[in-house]
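Given next are the chains, with one letter for each unit.
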Amino acid sequence: MTQPFKLSVTIYSLRDYVAGGRISVPKFIELMAELGAEGVDLGYYWRSEEEKAEARRKLDELGLELAIYITATDFAKPSGEERKREVERAKRAVDEAKRFGASKLRVHPGDLKPGTDPGEAEKWVAESLAEVVDYAADEGIIVAMENHGRHFAKIDVVERLLKAVSSTHLRLTFDTGNFAFAGDNPLEAASRLGAWVAHVHAKDVDAWGRACAPGEGVLDFEAIVSQLLARGFSGFLSVEYEGRRDQLLGVGLGLGYLRALRARMKLG
Amino acid sequence: MTIKLSVITDEVSQDLSKVVKFAVEHGFDGVEVRTIWNLRPHELVERAGEIRRELASAGLSVSAIASPVFKCSLESDREVEDHLRILRRCIELAKALDTRIVRVFTFWRSGSLDERLEAVLERFAPAVDIAGDEGVILAVENEPSTHVNNGRRLRQFLEAVGKPSVVRGVWDPGNDVWDPEGERPYPDGYSYVRGLFVHVHVKDGRRTGTGHEFVPVGEGEVGWLEQVRALVRDGYSGYLSLETHWRPVQLPRELVEMPGGAAYSEAGEYASSVCARNLKSIVARALAEVGA
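From first to last, the protein sequence lines stand for chains R and X. Heads up: the first sequence begins at 1 in the working numbering, then just goes up one per residue. Heads up: the second sequence begins at 1001 in the working numbering, then just goes up one per residue.
The hints are simulated quantities; they were obtained by calculation from the structure and are not laboratory data.
A few chain X residues that don't get close to chain R, going by computed Cβ distances all over 12 Å:
#1 Gly1049
#2 Glu1122
#3 Pro1252
Here are some chain R residues pointing at chain X (derived, C-beta under 7 Å):
#4 Glu34
#5 Leu35
#6 Gly36
#7 Arg245
#8 Asp246
#9 Leu248
#10 Leu249
#11 Gly252
#12 Leu253
#13 Leu255
#14 Gly256
#15 Tyr257
#16 Arg259
#17 Ala260
In this text, a Cβ means the ideal position worked out from N, Cα and C, and glycines have one as well.
Build out the structure end to end from the sequences listed, making use of the hints.
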C-alpha cells in the first residue's frame, strides 16, 4: 500500500552531534536508518569531499533517499553585491545537489534587517530567487524555499514571493513550527499554500511557544497533513528537532509520532 | 509525556558541578541523588539549598533519592532504628529537592522471601507509616543481596504490603543478571513488575563462569532495546536513571553493594558517558519504532 507521506530527518536536527564532531555525516545516515527513517535531508557539516562520496554510498547501501539537499541563504541583504554573492552560492548549491543526485534544494529567503523596508526586501528576495530558480530549472532541480525567519515565514509574504517568481521550479519547504513562530496558523498555511509544497519540516511548538518534537506540542499535525495531502502533497515529512532534549531522543520521539500518525491516517 | 532520563550522581563524580555538566551535555532531564561531595543522602540535608540552586540553574530536576535505607540487618534493632532515622533525613532531602521518590531496600538477605516475608513486613511497617505521613513514595528496589531479589519477589512484596499510594517499586532489570533465583530480566522479570514501579534503574551485566560482571548498557543480558520498547508501549513516563556500575576496570564487590564515595566515582564519568550514549540510542530507537 502506498504511504501517504515518507519520513525523513534533517541533519540540522542532530547539529550538536555532527557539528560537534561526535559523529560523521555517514554515521548520521546509519543512525537514521536504525531509527527507521526512509530519507534524510543533507547539505551541512561536510568535512571533506571523501565524506560526501561515503555518504552517497551509505544512502545507497542502506536504501535511504536523499529527501532534499539543504543550503542556507539570505537574499534580503541590502547590499546588491552581497545578494549577488548569495545567488552565486545558491547556484553552487544547485550544482552540489545535482552531483549528489538530489531532485530538490532547500533555500532560505533571508532575514528582514532592521530599518529595511519590507516591500523592498521582498523585491530583492523575489529577484534573487528568480535567478536561482532559472539556473536550477536548467539543471532539473526544484528550489524549495522555506518559510523561515520572522517576516519571511508569514503566509502572506510566502504567497507573494511564490506568485512573484511564478515558476514550476520554485516550490515550498513548509515548516510547521516557523509559521507558528511568525504568529500565523500552520493549518491556514496548509490550506492556502498546500499546492506549492514540495517538502515539510515537521516541528512542533509547545504551550510556551518553544520548539519541540512533533507530537509533543500543540500543533494539530493530523489536520495540517490532511490539508497538505488534499492539495496533492506526497513527499517527505522531515523531523526538524530544535527542542531542549537530547537531539537524538527528540528525533526518535518525532519519528515515532509521525509513524503512528501515518498509520492512523492510512486506517482513517 | 514520555520517558525521562537521569543519572545517579556518584556514577559520574563526587563533584556536583561535574555531574550537572554531564547531565546537561547528554541532554538528560535530571539527576538521582546518591552521594555528592563524599556525603550520603542523609548527610546532604544541610546542603540541599546549594544542590537545588545548582540544578535549577541548569534546568535539571531530581528524579529520586537513592537512599541506602534498609540495606541493613533484619535482626538488629539498632541498625533498623538507625535506618529509620536515615529515612527521615532522606525524606527531608526529597522534599527540599522536589521529588516524591525515595528508593529503599528490604534488608540483607537472610533467607528466601517466602521464609522471611512476615519478619521483613514487620520491620518495614514503621517506614510505611512515616512515608504515608510525609506524603512520599517508598520505592522498593529489586536487589539480589536483599530479600526482594528479583521482579517476581518485588511483586510479591508490594502485594503483601498492599499500599500502592505509599509503597511502589524501582525496577532494576540489570540486577536480575545476578539474581540467585536466575530470573530473566526481560520479559520474565518485567512481566511481574509491569505497572507496579515508579522508577527504573539502568545498568547492564552478564553472567560469567564464576559469577557476573557489569558491562556497558546495551552490551549485556538485560535486552535493553526490548525492555525500553515495552516501557514505551506501556506508556511509562517516569525516569530511566543511569546507574552505570560498569567501569573499564571492574569495581570491587563491596563498592558495588554499598556504592558511593570517591573510589566509586573514579572513572565514572568516562564509563557513564559510554553508557549514556548507548542508552540514548536505545531510547531513540524504541521511541521511533513504537511511537510515544
